[in-house]
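Student: Sequence lines, in order, name chains A and B.
Take 115 as the starting number for the first sequence in this note's numbering and just add one per residue.
Take 99 as the starting number for the second sequence in this note's numbering and just add one per residue.
Please note: incorrect hints may appear among the correct ones.
Said to hold, decoys possible - With a straight-line Cα cutoff of 25 angstroms, these simulated DSS-like cross-link-like pairs (lysine-lysine) come out:
#: 1; chain 1: A; residue 1: 123; chain 2: B; residue 2: 99
#: 2; chain 1: A; residue 1: 171; chain 2: A; residue 2: 185
#: 3; chain 1: B; residue 1: 166; chain 2: A; residue 2: 123
#: 4; chain 1: A; residue 1: 185; chain 2: A; residue 2: 123
#: 5; chain 1: A; residue 1: 128; chain 2: A; residue 2: 185
#: 6; chain 1: B; residue 1: 99; chain 2: B; residue 2: 140
Just so you know, the hints here were simulated from the structure itself, not pulled from any lab data.
Every value quoted in this text rests on a predicted model; they were computed, and no experiment measured them.
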Amino acid sequence: NAGVTQTPKFQVLKTGQSMTLQCAQDMNHNSMYWYRQDPGMGLRLIYYSASEGTTDKGEVPNGYNVSRLNKREFSLRLESAAPSQTSVYFCASTGLAGGNEQFFGPGTRLTVL
Amino acid sequence: KQEVTQIPAALSVPEGENLVLNCSFTDSAIYNLQWFRQDPGKGLTSLLLIQSSQREQTSGRLNASLDKSSGRSTLYIAASQPGDSATYLCAVRGDRGSTLGRLYFGRGTQLTVWP
């Protein structure tokens, strides 16, 4: 099992460009999450999907959109990137079994110039 | 809104010491609490998961306790080693209403263990 995978690992964008961060899990988990991690701010929830076909806003959703493509995949899209979106982005997933332990991907380091 | 606080923010100890990391949370309506380790430039690795009905969990040299009513958890690391150097994050999962299923994170304790 690969667990939670994310692509790309690194990305540099110019202000106003768009991109999609991809996330996939092979653990048959129902719930998936997108977080951003910034120095001094900790991890903050952007969007989550409690189950296939549903998505909800987290603490910092402005400037982002998400798609739960199927049970395995949850993508995060930046429509018009801004320097304030420079961050490390983590995808995570949780299943009903195993006590609802949350597993994280390796992260995507995004720089917006 | 759930607030999670970790104390201390940084800790530097010599190898071999036993140490305690603290985590507190403001809303006791939690489903579980999870401790993570994060190495520089890396993702989060789950260390221990404590369900709300449990008091503690152990894995090797790590022991995590949970006092749900007082909103506190501690992570005890026995006989610390340089390889334990990392940032340790505490996170709680809500169990009702708008917090259901979401993890709330503390800002972490940055641990350095020197030889």
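Student: Any hints from earlier that this structure breaks? Give me their numbers in increasing order, please.
Tutor: 1, 3, 5 and 6
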